[in-house]
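Starting from the known structure of chain A, arrange chain B on it as the hints suggest.
These protein sequences, in sequence, are chains A and B.
Just so you know, the first sequence maps onto residues 2 to 310 in the numbering used here.
Just so you know, the second sequence maps onto residues 2 to 310 in the numbering used here.
Be aware that one or more of the hints could be misleading.
Intra- or inter-copy, both count: the list cannot distinguish identical chains.
Derived BS3-like pairs: lysine-lysine, alpha-carbon spacing no greater than 27 Å straight-line [what the hints assert, rightly or not]:
#, residue 1, residue 2
1, K275, K290
2, K221, K304
3, K251, K159
4, K159, K221
5, K62, K48
6, K221, K120
7, K305, K221
Hints are computed from structural coordinates only; laboratory data are not their basis.
There are 2 protein chains.
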Amino acid sequence: MKSVKAFAPATVANVCCGFDILGFAINSPGDEVYMTLADRPGVNISKITGDGGKLPLEADKNTAGVAVASYLKFIGRPEVGVDLELHKKLPLGSGMGSSAASAAAALVAINELMGNPLKKRELVPHAMEAERVACGSAHADNVAPSLMGGFVLIREYKPLDLVSVSFPERLCCVLVHPHLEVKTEDSRRILRNAVPLTDAVAQSANVAGLMVGLLQSDFKLIGESLKDSIAEPVRSFFIPGFDELKSIAKIAGALGAGISGSGPTVFALCNDLKIAERVGEAMVDHFAKLNLRSDVFVSSVNKKGATVI
Amino acid sequence: MKSVKAFAPATVANVCCGFDILGFAINSPGDEVYMTLADRPGVNISKITGDGGKLPLEADKNTAGVAVASYLKFIGRPEVGVDLELHKKLPLGSGMGSSAASAAAALVAINELMGNPLKKRELVPHAMEAERVACGSAHADNVAPSLMGGFVLIREYKPLDLVSVSFPERLCCVLVHPHLEVKTEDSRRILRNAVPLTDAVAQSANVAGLMVGLLQSDFKLIGESLKDSIAEPVRSFFIPGFDELKSIAKIAGALGAGISGSGPTVFALCNDLKIAERVGEAMVDHFAKLNLRSDVFVSSVNKKGATVI
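With the rest of the complex left out, here is chain A:
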């Protein structure tokens, strides 16, 4: 095979109580990569669409390029070269795992072209390397679910321990992306370096509850566990009317809601797609009343992760 097309889904990192340790993938939207083997070594990014010209074509500055280079080095095939087209379907800097999805799609594509020597979870470190270049930290809470699908717990970084957490079939997600710019650096800088013991305990309790809720298909427990004592109290300042927005989502039928990644996108979990659509409308209306345009995405939780298409 000489060329391949791959898809990797958007992801919600943090999931309220899972700050820095949890993420899940949704079925759509996602980024697409077309990759073709080339005659000369190295990664050549020939085209990027859907980014409004914002992303670098230089492979060593682009997450897709960095991930592929890291992968080729790891499998000991430095002589391989590829041409790569990246079709962005995710908004940039939105908190929906845009940089992760590009890296994940590129990794699935190159792994397919190389005859799939690595499993999807083995691709994660190469996508983390790309995150390090894009965001300054090699976090896995977007790349792991984008590659592996479903909910992924990053139990430990050294050594990397990724735990797939099963979830109820009916679980679905609303993402509402208000047209605001929040820089990841800013949203990380405002976090406290120390947290009150009571907040740390509450966060532990809720993430434990979320795990049990997901594994035992207990929607009530899932909803009640969607609380964040660590990041949300400060990050929510970036999102106009955030507390009201959460109430609106719950009144419309959501199990719970929170900030997707470092924002500004807001997510809500629901146990029914029709309810999720209603929740999405209510959230968009909320932003509209504040004169903010927003895009809404409703999707079930993705099971497969990044795939060749």
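Chain B alone, transformed into the frame defined by chain A:
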């Protein structure tokens, strides 16, 4: 029925990463209560054995007495009176949930005498009231598992949300109680009021991992998640050679080990009773080398909680 006998098991609170939010019950040892309906109102504690004369016979100062009084008030039967004998089989102040077991046994006994109007999880608040009297804080991480059995997550206190977490059949526990005195107040006082963000995140990750390990019967994950970034780093100073003890337990085959409650008892989880016995011997030997006598208890995890016998 005029009289009844009840049993409530010892418990391990905290379970490393579940600081202040998690506990589990073991099959033995446990406390026993004999209770008889009396002709006059109030709780009369006629006899306590096994405490070396240390526990108060005054009902309003004894956890069993306080729990029964709280229960009778709640069900609106202030005219009821009981005579109560308490047979302590748990060492006092050991970190094995001794005060909790007495309250739990007394509550199951009085509930039986009253025709079981309350479910076991509904008895928890009355046992918490007893903990408030005994320890100064109405914590639930011993009383909830002693009453309900198994692993219980206290996801939230206000309102109280108790989550039973299923666990693998083969899971068993070693408790080694070194003959040391550690006051709960001391072991609480040395805790920091704030924790570094990185420690809070690690704690969340491990308790999430433990929940997944228990629910998916993943012994490796259970073992790797038995880490405590919050209490153990300071509380372990009270336990001679603690780090070495943990290594010894793991070398002998334990999945992991930690401090039971606020200590000084140390627990280890194993996936086999024979291994657990070997682990117990190794831990006792460790303390013996430091000229410390210790008692060892090996038991599978209790499923039923407190019961009438």
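Consistency of the hints with the structure:
no.	hint	result
1	K275 to K290	within (23 Å within a copy, 66 Å between copies)
2	K221 to K304	both (22 Å within a copy, 24 Å between copies)
3	K251 to K159	between (37 Å within a copy, 20 Å between copies)
4	K159 to K221	between (34 Å within a copy, 16 Å between copies)
5	K62 to K48	within (14 Å within a copy, 77 Å between copies)
6	K221 to K120	between (35 Å within a copy, 20 Å between copies)
7	K305 to K221	both (26 Å within a copy, 24 Å between copies)
Checked against the numbered hints above, the structure breaks none of them.
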